[in-house]
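Those protein sequence lines, which keep their order, are chains P and D. The working numbering numbers the first residue of the first sequence as 1 and each following residue consecutively. The working numbering numbers the first residue of the second sequence as 1 and each following residue consecutively.
FYI, nobody ran anything at the bench for these hints, they're computed from the structure. One or more hints might be untrue.
Below, a list of computed lysine-lysine pairs in the DSSO-like style, where the Cα atoms sit at most 30 Å apart [said to hold, decoys possible]:
id	chain 1	residue 1	chain 2	residue 2
1	D	46	P	155
2	D	46	P	150
3	D	46	P	159
Please read all numbers here as calculations on a predicted model, not as lab measurements.
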Amino acid sequence: MIRLASQGDPGAIRSLYDRYAPRVYAVVRRIAGDDDLAQDYAQEAWIRAIRALPSFRGDARFSTWLHRIAVNAALQSLRATRTRLKYEGPPPSDVVMVPDQRDSLLQRRLEQALDRLPEGMRRVLILHDVEGYTHEEIGNVLGVTSGTSKSQLFKARSKLRNLLADLDGAANESGVEAWSI
Amino acid sequence: MEHLSPERLSALVDEEPTVPECIHLASCRSCTSELDALRAQSVALKALPELLPPRGDWDSLEAELRAEGLINSFTLSNRPGFGRIRGRMKSVAMLLLFLAGAGSGALVTGLQAPDRAEAKVTPIVTVQDAATAVRLAEQRYASALSEYRQLLAAGGGEGLDIDPVNRFAALEHLVQVSQAAVRQAPGDPFLNGFLASAMAERDAAFRLVSSGRDDWF
Chain P
1 MIRLASQGDP
11 GAIRSLYDRY
21 APRVYAVVRR
31 IAGDDDLAQD
41 YAQEAWIRAI
51 RALPSFRGDA
61 RFSTWLHRIA
71 VNAALQSLRA
81 TRTRLKYEGP
91 PPSDVVMVPD
101 QRDSLLQRRL
111 EQALDRLPEG
121 MRRVLILHDV
131 EGYTHEEIGN
141 VLGVTSGTSK
151 SQLFKARSKL
161 RNLLADLDGA
171 ANESGVEAWS
181 I
Chain D
1 MEHLSPERLS
11 ALVDEEPTVP
21 ECIHLASCRS
31 CTSELDALRA
41 QSVALKALPE
51 LLPPRGDWDS
61 LEAELRAEGL
71 INSFTLSNRP
81 GFGRIRGRMK
91 SVAMLLLFLA
101 GAGSGALVTG
111 LQAPDRAEAK
121 VTPIVTVQDA
131 ATAVRLAEQR
141 YASALSEYRQ
151 LLAAGGGEGL
161 DIDPVNRFAA
171 LEHLVQVSQA
181 AVRQAPGDPF
191 LNGFLASAMA
201 ERDAAFRLVS
211 SGRDDWF
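Starting from the given sequences, assemble the full structure and let the hints guide the process.
As structure tokens, then:
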């Protein structure tokens, strides 16, 4: 299928998209922190991946290879979109999670809190705690030292904890079922 | 010892506490519960699910891929040389359609050829019976087709004077015709079955055509 896709076969490309789009969109959406940007970044990631398909030789799993491309595309696009507005309105309501997941309330709160993290903290937290990158890998991807990555991560965790507490407080005030860690 | 700072507690999610920190944590409920919460937060982050892209995402991506020339927009009916075989292949397609329809129809309605009278067919009374009969017909068709292929292969392909690429092109055309038919009658089991068979045959032909190019996949 990968070979067919690299030759431009529409069916094969669509099959790859159907299979991996939720994973690509998830990492890109979290890095972008914004729905509109996420869609643009995801498209950029897919275009880069399809363009690079002929060079994929199977040294790594395809999902890993694609994931790296998605992360790099999102980070580079984010750098180019420095004018990103900080989120001040109500939390995003149209982030659709893959069905059959438990603890959707917790996950929704986490997504909301992640969106409110400062960009630098969010990137490191997502790469480390969500995507499982090491500090060395984060350093390579972001062009920082692993020490900086650690420092940002620890700040981000603490900040996220406060943001979740704030969201919980707001939910309690409005009578919505709250969740706290 | 003073309370551990929020950042230090965040670090202890991954790192081992020092001895003084251990002693403090053993006696400080506040720091311990905060550390537990941070650990739970990290576990929850790892468990975040995949996210579905917004609707229409594929359509706009497909348009961009086409604009960049990364996805083929040609169909086999546009291939050079296809026009020459189109008329002949249409006839073949119509013949196949007729034969498949006749075969399935005979099975579904219970008609028997005189020399095959011993092959009893269950009377069709319900829709379920009809579906079973169609399924059996499809299995027999697939089995016959497999034998046909084996015989052709054993004979070195004699009698099959069709270039594999042209055969693939013909099957692609057959799929398109079948798809158009299914669009007109989406619930028709025969048309759906025929389309499925045509697609399977086309895919097999494509694998045959493409297998000679390279095999790194």
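Results of checking the hints against the structure:
With a C-alpha separation of about 18 Å, the suggested pair residue 46 of chain D and residue 155 of chain P falls inside the 30 Å cut-off, and the hint holds. For the suggested pair residue 46 of chain D and residue 150 of chain P, the alpha carbons sit about 17 Å apart, so the restraint of at most 30 Å is met. The suggested pairing of residue 46 of chain D with residue 159 of chain P holds, with an alpha-carbon distance near 17 Å, which does not exceed 30 Å.
In summary, the structure agrees with every hint in the numbered list given earlier.
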